[in-house]
Amino acid sequence: MRWFFNKFSRRAITQVQIDAGARAEELFVQEMNAHEVMVERIDQSQAGFKQYTASAKAGIKRGDFLLRNVRHLEVEVKCLKLRSGDHGDYFMISEEDWCKHQNMLDLTASPDLLFAIYENVNDHPREGSLLMASMAYLKRYEQPWQRASKGMFFIPTRHMKSASTILDAVREERRFRKRFKKSGKN
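The letter at position 185 of the sequence shown is residue 185 when you use the working numbering, and the numbering goes up by one with no holes.
Hint data in this document are derived by calculation from the structure and do not stem from the laboratory. Positions of the beta carbon are idealized from the N, C-alpha and C atoms, including for glycine. There are no misleading hints in this set.
For lysine to any residue, the following SDA-like pairs were computed, each having C-alpha atoms within a straight-line distance of at most 25 Å:
1) Lys100 to Val70
2) Lys150 to His87
3) Lys150 to Glu95
4) Lys161 to Ala22
5) Lys61 to Tyr141
6) Lys81 to Ile18
7) Lys61 to Gln44
8) Lys161 to Asp86
9) Lys161 to Arg171
10) Lys150 to Leu82
11) Lys161 to Arg68
12) Lys81 to Leu138
13) Lys150 to Glu96
Computed Cβ-Cβ distance ranges for the label pairs, DEER-style:
14) Glu127 to Asp106: 32 to 40 Å
15) Ser162 to Tyr52: 25 to 33 Å
16) Gly128 to Met92: 17 to 25 Å
17) Ser110 to Arg171: 13 to 21 Å
18) Leu107 to Gly128: 33 to 41 Å
19) Ala54 to Lys150: 26 to 34 Å
20) Asn69 to Gln102: 22 to 30 Å
21) Glu172 to Gly128: 19 to 27 Å
22) Gln44 to Asp106: 14 to 22 Å
23) Gln17 to Arg68: 24 to 32 Å
Modelling step: build the complete structure from the supplied sequences, incorporating the hints.
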């Protein structure tokens, strides 16, 4: 197994993990297209990242996609192993990634980031397993964002929703805001 050291991170990852993530991103685009969502891939090149790093005072990380017709939400797609514990099923995410995403939200004054997580089964995203969670939502709750082990946190699946549930909620919020503004109730 060949290991790669991410020069922007202190973590090593395997080519298998990189490939699983790429497959999850492809599946995500297909699923969003089925929901009539305009998906734009975020440039991850060093040149495209330079404008952000010049202003950043701490490590930052961009999501993988923007959902253009869903509040321009930024989405980080992951393909992670589903784990079980005393408090139910959960996914583990690195504290470093979480903090870098938060730094990017702060830098760009963006309101939120969605985690789109597929269950990793034999190094492939399991179709139909997509669950999503808003970073802002998770931050409101102490429980889902507890340390699982050194440098890792867990996100219980009970705090995650299906893509259709999340997308419908965001779209309904936008429709509500438009109706509210039209009625003159600012």
